[in-house]
Amino acid sequence: MPIAPDAASAPAGTTGSGIALPGAGPAGPGLPGTGETNDPFDADGAELFRMRVETPENIVLELPIAGVTRRFGAWFIDTLLRVAVLAAAFFGMIPLFFAGLGGTASGAFLLLLFFSEWGYFTFCEAFYGGRTIGKAAFGLRVVRTDGGPLTFWPALVRNLLRFADALPLLFTDPPHIMSSTLMPAVPLYGLGALCWTLSPRGQRIGDLFAGTVVIRTAPATVPKQPVILDKIAPIDRALINGPKPPRSTLATVDEYLARRGVLDHERGHQLALPLALAVARRLKYGGDPDGVRVYPMAFLARIWATYLRPEDEGEETVAPRNGRMARNDRTKRAERSRPR
Amino acid sequence: MTKRAFLAARRPRWERFHELLDRFDRRSLRGRTAAEAAELSRGLRELAADLATVRAHGWGERLDGYLNTLLGKGHTAFYAAPPSPVAGFVRYLTRGFPRVFRKNGRFFLVAAALFFGPFFASWAAVAAKPELANRILPAEQQAMFDEMYAEDGALDPDGAAEDGRSAFDFGDYSQERSGMAGFYVQHNVGIALKCFALGVTLGAGTIYVLLQNGLFLGAVFGYAGTSGNGERLYSFAVTHGSFELTAIAVAGGAGLMLGDALLHPGRRSRLGSLMVRGREAIQVAAGAAAMLVIAAGLEAFWSPAPIAPAIKYAVGASLWVAVFAWLLLAGRGGPADVPEATR
Numbered sequence: 001m002p003i004a005p006d007a008a009s010a011p012a013g014t015t016g017s018g019i020a021l022p023g024a025g026p027a028g029p030g031l032p033g034t035g036e037t038n039d040p041f042d043a044d045g046a047e048l049f050r051m052r053v054e055t056p057e058n059i060v061l062e063l064p065i066a067g068v069t070r071r072f073g074a075w076f077i078d079t080l081l082r083v084a085v086l087a088a089a090f091f092g093m094i095p096l097f098f099a100g101l102g103g104t105a106s107g108a109f110l111l112l113l114f115f116s117e118w119g120y121f122t123f124c125e126a127f128y129g130g131r132t133i134g135k136a137a138f139g140l141r142v143v144r145t146d147g148g149p150l151t152f153w154p155a156l157v158r159n160l161l162r163f164a165d166a167l168p169l170l171f172t173d174p175p176h177i178m179s180s181t182l183m184p185a186v187p188l189y190g191l192g193a194l195c196w197t198l199s200p201r202g203q204r205i206g207d208l209f210a211g212t213v214v215i216r217t218a219p220a221t222v223p224k225q226p227v228i229l230d231k232i233a234p235i236d237r238a239l240i241n242g243p244k245p246p247r248s249t250l251a252t253v254d255e256y257l258a259r260r261g262v263l264d265h266e267r268g269h270q271l272a273l274p275l276a277l278a279v280a281r282r283l284k285y286g287g288d289p290d291g292v293r294v295y296p297m298a299f300l301a302r303i304w305a306t307y308l309r310p311e312d313e314g315e316e317t318v319a320p321r322n323g324r325m326a327r328n329d330r331t332k333r334a335e336r337s338r339p340r
Numbered sequence: 001m002t003k004r005a006f007l008a009a010r011r012p013r014w015e016r017f018h019e020l021l022d023r024f025d026r027r028s029l030r031g032r033t034a035a036e037a038a039e040l041s042r043g044l045r046e047l048a049a050d051l052a053t054v055r056a057h058g059w060g061e062r063l064d065g066y067l068n069t070l071l072g073k074g075h076t077a078f079y080a081a082p083p084s085p086v087a088g089f090v091r092y093l094t095r096g097f098p099r100v101f102r103k104n105g106r107f108f109l110v111a112a113a114l115f116f117g118p119f120f121a122s123w124a125a126v127a128a129k130p131e132l133a134n135r136i137l138p139a140e141q142q143a144m145f146d147e148m149y150a151e152d153g154a155l156d157p158d159g160a161a162e163d164g165r166s167a168f169d170f171g172d173y174s175q176e177r178s179g180m181a182g183f184y185v186q187h188n189v190g191i192a193l194k195c196f197a198l199g200v201t202l203g204a205g206t207i208y209v210l211l212q213n214g215l216f217l218g219a220v221f222g223y224a225g226t227s228g229n230g231e232r233l234y235s236f237a238v239t240h241g242s243f244e245l246t247a248i249a250v251a252g253g254a255g256l257m258l259g260d261a262l263l264h265p266g267r268r269s270r271l272g273s274l275m276v277r278g279r280e281a282i283q284v285a286a287g288a289a290a291m292l293v294i295a296a297g298l299e300a301f302w303s304p305a306p307i308a309p310a311i312k313y314a315v316g317a318s319l320w321v322a323v324f325a326w327l328l329l330a331g332r333g334g335p336a337d338v339p340e341a342t343r
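Order-wise, the sequence lines are chains A and B.
Residues in the first sequence are numbered consecutively from 1, following UniProt numbering.
Residues in the second sequence are numbered consecutively from 1, following UniProt numbering.
Where hints are given, some of them may not hold.
[Stated by the list, open to error] Cut-off 20 Å, straight-line C-alpha distance, at most; resulting in silico cross-link-like pairs (DMTMM-like, lysine to aspartate or glutamate):
(1) B:Lys194 to A:Glu117
(2) A:Lys224 to B:Glu15
(3) A:Lys231 to A:Glu311
(4) B:Lys129 to B:Asp146
(5) A:Lys244 to A:Glu311
No wet-lab data here; the hints were simulated from the structure.
Using the sequences plus the hints, can you model the full thing?
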């Protein structure tokens with residue numbers, strides 16, 4: 001009995017790719033698989049939406065790259081903040097004019113304007129761990145392309161070249177030889193966005209010259225373990241005609257079931273269907289294919305009960321350091337993994 | 001070991017590491033104890049080993065992602081940037097900047113030719129044929145300069161006439177100077193930094209800014225000379241010009257370095273070339289910005305002061321010598337510093 005042909009498109013041995021897992025990686029569920037594998041050395045260090053760096057602990061860190069939207073949001077917050085401070089300073093200096101200190105006040109205001117234009121981003125990023133206030137609000141951080149911390153000079157490079165990234169400028173006022181102070185041009189960040197799109201690590205021109213990347217810092221939450229009712233029975237051995245699915249596939253099943261609670265019933269089945277069909281096809285499942293197609297979540301739970309529950313229970317027998325039980329467990333497992 | 005046993009055994013350690021990170025984040029470097037740093041270091045290595053275990057067993061993207069995120073946070077906390085000492089700025093001005101400037105002197109020479117060439121050419125042209133000024137300076141600007149540099153204008157050492165003010169009306173003389181200081185910083189340093197940043201257009205933007213400013217300033221000088229205000233403008237400009245005009249060429253040179261890094265990567269990859277040369281160019285540009293801040297102070301408080309032109313010329317000339325002595329001689333010899341670019 002053939003199972004739906006699209007199941008073949010889910011490559012076994014890869015995790016996350018091809019199978020629309022909710023929130024699987026920053027690529028999001030809507031994008032096709034990026035061909036990502038577990039081999040940390042398969043990419044040249046630059047992969048779509050992620051950057052790989054090797055740390056001194058000899059582990060490959062994957063840093064998620066910040067998108068244009070978040071970066072715009074961060075910039076917008078920073079700009080609102082700068083404008084608010086400048087506006088407060090502007091109104092604050094009005095009484096000083098009446099006190100005859102108008103020159104000093106406007107000189108100080110222009111210095112503040114200069115700092116806000118050319119210094120704010122640099123000093124925030126150089127002395128606040130690669131973040132500005134807006135970047136911190138959007139969970140962004142600037143790091144070097146080797147994953148190291150941002151220091152003063154690179155921060156200065158990327159933020160002085162911000163002027164080039166900000167081109168073209170939209171003049172709200174006709175450009176004049178004495179550039180207008182109170183009606184500044186609006187930066188459209190056209191060059192920056194173009195460069196972001198073309199660069200594999202999402203770098204704008206300033207980032208390229210400074211050797212920096214803007215990454216996202218997601219909050220770390222421990223993944224849940226699936227809760228499977230005891231009454232869910234393993235699949236009958238007689239119905240299984242293929243080899244045991246690879247660990248990565250089982251891990252995907254495990255994770256899917258752990259996150260099942262966040263999906264409603266219908267969507268849960270929708271998302272489970274390609275995975276369930278791929279697993280069923282691999283196992284050459286001899287049971288009712290309509291059962292798999294109509295209740296793919298239930299099928300996945302049974303897969304879990306077949307392959308992953310014994311592992312969990314096996315662990316409990318090993319834990320008390322009871323030699324005999326442990327040996328029993330090993331023989332049991334050997335039996336199970338014997339090719340059928 | 002199964003995934004569940006692994007989780008049960010390791011999870012408390014990860015949570016402990018998370019707590020430690022939070023505490024580490026909140027406190028400044030000074031408030032952290034050696035014991036905490038040691039624990040963080042140990043935790044970081046444990047976490048790396050755990051992540052390797054998870055990846056080797058294929059225990060899933062979510063767990064992998066969690067440990068990866070946690071390790072990333074630990075990485076940024078542990079390998080943090082060294083604090084930047086204020087003394088570094090002084091050393092940069094006395095050693096680092098002149099050195100990196102000389103190393104890339106040829107870019108400065110080209111930029112200087114692109115700036116001073118049109119400057120003197122348009123000065124000479126306008127001085128010889130005053131009507132040429134109309135080609136460069138719009139009538140309203142000519143009127144503004146007439147007013148500024150006139151007998152009772154803002155630059156008259158004997159003090160400006162009460163009604164002879166330009167657009168900048170800040171109150172009394174010292175107040176006006178303070179206001180102008182802010183303006184010079186904001187305006188001039190801004191132009192120099194834009195000139196530098198436009199170097200990423202393969203140098204075209206930088207060349208345009210240099211030529212345009214050279215032509216314009218030269219025309220102003222020529223125009224002031226032919227309209228009888230030359231003495232006041234020259235004695236006004238000579239002092240801060242040493243820093244200001246040189247700095248424009250320095251910033252232009254830094255911009256040309258960016259363009260050159262794009263065009264001629266040499267033996268490096270183009271990206272590598274951008275990073276290495278960009279790091280040098282920024283140190284030149286930052287020096288130009290510092291020079292312009294000095295120039296703004298001079299321009300606001302010394303240049304318009306009621307001092308005899310002869311003294312101003314003498315001080316100005318010695319400052320020109322001093323600026324080039326600083327650029328050409330400072331930081332020679334002595335121990336080879338760790339190049340600023342690598343820090």
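Now the hints, each set against the structure:
A threshold of 20 Å between alpha carbons decides the hint, and for Lys194 of chain B with Glu117 of chain A the separation of about 11 Å falls inside it, so the pair holds. At most 20 Å may separate the alpha-carbon atoms for a hinted pair to count; Lys224 of chain A and Glu15 of chain B meet this at roughly 14 Å. Distance hint between Lys231 of chain A and Glu311 of chain A is fulfilled; the C-alpha atoms sit about 17 Å from each other, no more than 20 Å. For the proposed pair Lys129 of chain B and Asp146 of chain B, the alpha carbon gap of about 18 Å is at most 20 Å, so the pair holds.
A threshold of 20 Å between alpha carbons decides the hint, and for Lys244 of chain A with Glu311 of chain A the separation of about 14 Å falls inside it, so the pair holds.
Hint violations for this structure: none, all hints satisfied.
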